[in-house]
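The lines below spell out each chain.
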Amino acid sequence: MDFQLDEDQLALREGVRSFCDGRVPLDSLASFEETAGFDRSLWTELAELGVFNLREPESAGGVGLGTADAVLVFAELGRRVVPGPLVWSHLAAGLVKGAATGETVVGGVEADIEPVLVEHLESLDVLLALRDTGVFRIDPRELEAAAIATPLDPLTPLHHVANLPAGEKIAGPEVAQRLRLEGATLASALLLGIAEATLEMALEYSKQREQFGRPIGSFQAMKHMMADMFVKQEVARAAAYAAGATLDQPSVGDIDRAVGSAKIISSEAALRNSGACIQVHGGMGFTWEVPVHYYLKRSWVLENCFGSIDEHSERVAIALADARE
Amino acid sequence: MDLRYSEKDEEFRADLRTWLEREVPAHGAPPPVNDWPARRAYDTGWQRKLFDAGYAGISWPKEYGGRDGSPTEQLVYYEEIARVNAPYIGVNFVGMLHGGPTLIAEGTPEQKKCHVPQILTGEQVWCQGFSEPGAGSDLAALATRAEVDGDHYVVSGHKIWCSFAQAADYCELLVRTDPEAKSRGITWLIMDMNSPGIEIRPLRTLAGEGEFSEVFLDNVRIPVSNRVGKENDGWRVKEVTFRFERGAAFASDMIHLKQFVSELVDLTRRAPEGPQGWNDRALRRQLGHFSAELDALWAMVKLSVCESSKTGIPGVGASAVKLFYTDLYQRITEFGVRLLGRAALSRDDVAGLPSERILARSMQALSLTIAAGTSQIQRNIISERILGLPREPRPAPPPRPAVES
Ligand SMILES: Cc1cc2nc3c(=O)[nH]c(=O)nc-3n(C[C@H](O)[C@H](O)[C@H](O)COP(=O)(O)OP(=O)(O)OC[C@H]3O[C@@H](n4cnc5c(N)ncnc54)[C@H](O)[C@@H]3O)c2cc1C
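Residue numbers (our numbering), protein chains in the order written: chain P, 8 to 332; chain U, 86 to 490.
Bound conformation, chain P alone (with noise of 0.2 Å):
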């Protein structure tokens, strides 16, 4: 056992949040509410970068990387809350011509949650339904859908399908549940992300802020705050990566509770840190001019994705009851 990064891991990591910091800082993100969320020339440098070919092997012209790699991957583009079905197009690598390379833009739903609400309907050129049967292919031109006007997460838009055509089935149910929680394992690296980069712009207001003539960073009770905001970030990483190692190794744990795990934890750590982050701001916290209210909503919307806090818990629990039989 090493649960540690290695040097190739600490490497691509610095890759992509060097280009993360190049090509979308913390000031580009309100010029995301012109394009509806959505930029094909940044899609395309991410394909570049190897966001959705990761794990694909390189007999396919892939990367060839493990899931742990990719949680490494997507913590960084949580950092910016890159925007975009990210999680969707990486999944969709293996099953979706052109996904891959970033020329297919892929999206997708849980068919069976109500009610079905499609991100990024417009930039999609094929949208993948979750079954318990099987993972479906849907023309996103042929769906009826009523866009939402304002969504929740200015840079991710919405559109409320009241019913999801059947759709070509492409896999089967393991592969359905597969990607359940590989998904849920991504969307976990991008809530520890945001966990991470709210801390830090939270520490960053507070050095410099000055009250009663200091920084208010020197005050215990903002401290204290911020120290909760790192163990609540520490505590998803390990979650995080743990999901993702057991995902590459099966052996070394129950793959639903590490999953779950991750899940959970890395939702409430972007949560609560995103929401400490609006408090340290004070007033400014609650403007829209300060970006960390993109990341609050983000976190939601993520909470949101391959399974809530709930739905996890209640799973974990259930497998708690069974193993006690």
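Among the clues, some could well be false.
[To be verified] Result set (EDC-like, lysine to aspartate or glutamate): computed pairs, CA atoms no more than 16 Å apart in a straight line:
#1 U:K395 / P:D261
#2 U:K198 / U:E148
#3 P:K214 / U:E208
#4 U:K395 / U:E164
#5 U:K315 / U:E191
#6 U:K93 / P:D9
#7 P:K214 / U:E469
#8 U:K197 / U:E208
#9 U:K343 / P:E52
#10 U:K343 / P:D9
#11 U:K343 / U:D153
Worth flagging that the hints you see were computed from the coordinates, not collected in a lab.
Dock chain U with the ligand against chain P, hints included.
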């Protein structure tokens, strides 16, 4: 990022498991909590058995009787002893979890030889004399004085909250060797608890037990050769002690806590319909949630163990583990008490409900956010040493009294 235990680890696990399954039942039930001689005999007897079988001090060097095992064998060890509910480390806590490791890291060859193997065999029980009535969180305010007299320190003062003092042979003692300096005037000493001049007055805890004591020191003579580190360097040495104390020291308790959650599942399933029953969805989710938090906590321990295996000493990140663990422990035991309903009014088991165990745990839980540095102090450490936030302004020292001329 590899979570696989090696084949060697798994062999170790299999051997240990076979051994534990035979020896744990044979060791019998623990004695009553307030019978210190019996507790000492029970706990050190178990330690001796571990030692004879080669399972004491998994990560300790071979030359002192340890196993020289890998950090992962240490994890396997914790997982297995918790799985079979092996006897609690009890009076060996201080020696095994931080006294011995501090000596290995900082002690002289003689000190190591004199104490480390004996801690492993259970011959030496240790306690910790750091806190004082006027110096708890602000440990640097400690006042217990040590003055050199030939080749001895002569020590007088008053220590408090000294766990297992009643059963201990030696004490990790912090004393003041420079009255002018604050943290720079402190020294770490090994005190023989049988020295003349030591008086131990047990304190009763809120759980009714005599877990810790006040210790009064009146001109206690301690050989200078019992000093660990240099004179006035005790503040740094105690930091090493703390890292061990706050690091993986609670690892086996974490796994016990996992089992406790499973027991709460059983409890709720016995009466599925009631207000505390399994069919209550919110309650079910709460249990699943706790379990997920415990899994994440264990992953965090693995991360920090792998990290500290490079340096041999747990990092400051141990504060994050302690903070999360102790808070979670309190939330889980509080939930357990809620499940008991009115049976929680009784510390004896009533109506087939395990009141005794649940209440004992929930009371113990209250100490976890205080002992080994309070949660507030852990937050100070994280915010200042890890996050780099400005320190609280310290009050200016009082003005020197004017010299009368
Ligand atoms: C079960 C148990 C076993 C123990 N065993 C031992 C032992 O074996 N050996 C030993 O030496 N000690 C032992 N202790 C003592 C323990 O280390 C101290 O109790 C602890 O460090 C707190 O010190 P205090 O009790 O003096 O509380 P205080 O320091 O007086 O703290 C009181 C409250 O004020 C808060 N506070 C204090 N300073 C600050 C600050 N700067 N910022 C914010 N809040 C602050 C604390 O968090 C706490 O809530 C034990 C304690 C317990 C409960």
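Each hint tested on the structure:
no.: 1; hint: U:K395 / P:D261; verdict: violated, 28 Å
no.: 2; hint: U:K198 / U:E148; verdict: holds, 9 Å
no.: 3; hint: P:K214 / U:E208; verdict: violated, 52 Å
no.: 4; hint: U:K395 / U:E164; verdict: violated, 22 Å
no.: 5; hint: U:K315 / U:E191; verdict: holds, 10 Å
no.: 6; hint: U:K93 / P:D9; verdict: holds, 14 Å
no.: 7; hint: P:K214 / U:E469; verdict: holds, 12 Å
no.: 8; hint: U:K197 / U:E208; verdict: holds, 14 Å
no.: 9; hint: U:K343 / P:E52; verdict: violated, 45 Å
no.: 10; hint: U:K343 / P:D9; verdict: violated, 23 Å
no.: 11; hint: U:K343 / U:D153; verdict: violated, 28 Å
Figure legend: structure checked against the earlier numbered hints; hints not met, in rising order: 1, 3, 4, 9, 10, 11.
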